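Undergrad: Sequence:
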Amino acid sequence: MKKFTYTGLLILLLSACTKDKDNIAGADEINRLTYIIDDNKFNFSSFSTALGRTGYRNMLAQEGPYTVMVPDNNAFVKAGYVANQQVLTESAVVLNSLVSYHIVNGTWELNKLPYQFNQEIAAVTGAKMFVTHWIKGADTVLTINGSPILAYNLPASNGMIQVLNTVLQPLVHQTLSDAIASDTSLTFLNVALQQAGMKSLVAGAATYTFFAPSNAAFRKAGFPSVDSINRTDAALLQELLRYHLFTGRKFIYDYILTTGATDQTEQAMLNGNNVGITLKKTGVKYTGITVKGVGNQVAANVTKENLMAGNGVLHIIDQVLKENQ
Numbered sequence: 001m002k003k004f005t006y007t008g009l010l011i012l013l014l015s016a017c018t019k020d021k022d023n024i025a026g027a028d029e030i031n032r033l034t035y036i037i038d039d040n041k042f043n044f045s046s047f048s049t050a051l052g053r054t055g056y057r058n059m060l061a062q063e064g065p066y067t068v069m070v071p072d073n074n075a076f077v078k079a080g081y082v083a084n085q086q087v088l089t090e091s092a093v094v095l096n097s098l099v100s101y102h103i104v105n106g107t108w109e110l111n112k113l114p115y116q117f118n119q120e121i122a123a124v125t126g127a128k129m130f131v132t133h134w135i136k137g138a139d140t141v142l143t144i145n146g147s148p149i150l151a152y153n154l155p156a157s158n159g160m161i162q163v164l165n166t167v168l169q170p171l172v173h174q175t176l177s178d179a180i181a182s183d184t185s186l187t188f189l190n191v192a193l194q195q196a197g198m199k200s201l202v203a204g205a206a207t208y209t210f211f212a213p214s215n216a217a218f219r220k221a222g223f224p225s226v227d228s229i230n231r232t233d234a235a236l237l238q239e240l241l242r243y244h245l246f247t248g249r250k251f252i253y254d255y256i257l258t259t260g261a262t263d264q265t266e267q268a269m270l271n272g273n274n275v276g277i278t279l280k281k282t283g284v285k286y287t288g289i290t291v292k293g294v295g296n297q298v299a300a301n302v303t304k305e306n307l308m309a310g311n312g313v314l315h316i317i318d319q320v321l322k323e324n325q
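In UniProt numbering, the protein residues as written are 1 to 325.
Note that these hints are calculated values from the structure, not bench results.
All of these numbers come straight from a predicted model, not from anything done at the bench.
Check before you lean on any hint, since a few could be wrong.
If you anchor each label on the Cβ, the simulated ranges turn out as follows [to be verified]:
no., residue 1, residue 2, range
1, 261, 324, 26 to 32 Å
2, 55, 84, 36 to 42 Å
3, 80, 107, 27 to 33 Å
4, 82, 219, 39 to 45 Å
5, 216, 115, 25 to 31 Å
6, 219, 83, 35 to 41 Å
7, 138, 318, 31 to 37 Å
8, 324, 41, 53 to 59 Å
9, 185, 138, 35 to 41 Å
Using 27 Å as the maximum straight-line C-alpha spacing, the simulated DSS-like pairs for lysine-lysine come out as follows [unchecked claim]:
no., residue 1, residue 2
10, 285, 78
11, 78, 304
12, 292, 281
Positions of the beta carbon are idealized from the N, C-alpha and C atoms, including for glycine.
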């Protein structure tokens, strides 16, 4: 119900920006994406500010068409931009990368895509993004990179707007291997992959989803240092790590869409064994998942989710998944 209320409000706001074409010259220009985004300050002021610090503002005033994935102001707050001043002081390089990843060439009515998970489309820079169109209960759900779309297909004279509840993170790393190596919270995991001879696996063309244990998770599991990982038998590490990833790309919200009324399901991992997945709820709203190996006494929490790489996605977890007590 909230989605429809939000959509209705935005349509009213956008309609207020639309001029009578019979009475006002240049109506096409003043209904273009740039001006609609600028005029809807209550919802889009943070994105408008970011847009204004890039060359993409001028592009969105041109004929197009373009589809713009606009994170609303709440999405920017979640991303750490609690006020427009923080957007104004952000690095121009960061904003250019961020804004460009939210613009797609052409008019994309995402609700007309097939009912499938993670259908690939590309931003104007060529960077990949993944759209899911699915049904959960009585609701039809659209997500981009696992982030729900709040309102879709809002029209402009040179394209349309899709409203997101999350600021999409631009694709930085081409491989999971690179993403892990660059993250200082995953140093132990990177060394474990090297010792196990599995770096090439997560640097290849195949796509994987990786529940990635943090450094703290390895310490809790009995690996006090990087040296302790290097002293561990490669075959044992390989078996441990193969219980943390599986083929294919799966975002956290994908589990919310596919898990039944029990709020519990299982995920088959690369070594052929399963981990347990339990949905997390706040009130009636699903907020994430926990992951539990057969040998874990309590479930692992996902501390960072949906970290993108060209060949998959990382979810950082706070425990090493175990198959034995």
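Undergrad: Against each hint, give a clear statement of whether it holds in the structure.
TA: Each hint tested on the structure:
Between residue 261 and residue 324, the C-beta spacing of about 31 Å keeps the proposed range 26 to 32 Å intact. Remark: the range hint 36 to 42 Å for residue 55 to residue 84 is contradicted by a beta-carbon distance near 20 Å. A beta carbon spacing of about 31 Å between residue 80 and residue 107 agrees with the range 27 to 33 Å that was offered as a hint. In this structure, residue 82 and residue 219 break the distance hint of 39 to 45 Å, their C-beta atoms being roughly 33 Å apart.
Separation of residue 216 from residue 115 is about 39 Å and departs from the stated range, judged on CB atoms against 25 to 31 Å. At roughly 37 Å, the beta-carbon separation of residue 219 and residue 83 lies within the given 35 to 41 Å, and the hint holds. Taken as a hint, the range 31 to 37 Å holds for the pair residue 138 and residue 318, whose Cβ atoms sit roughly 34 Å apart. Between residue 324 and residue 41 the CB atoms are about 57 Å apart, so this pair conforms to the stated range of 53 to 59 Å.
For residue 185 paired with residue 138, a C-beta distance near 39 Å keeps the hint of 35 to 41 Å intact. At roughly 17 Å between alpha-carbon atoms, residue 285 and residue 78 fall within 27 Å of each other, so this suggested pair holds. At roughly 13 Å between alpha-carbon atoms, residue 78 and residue 304 fall within 27 Å of each other, so this suggested pair holds. Note on residue 292 and residue 281: the hinted pairing holds, with a Cα-Cα distance of about 17 Å set against a maximum of 27 Å.
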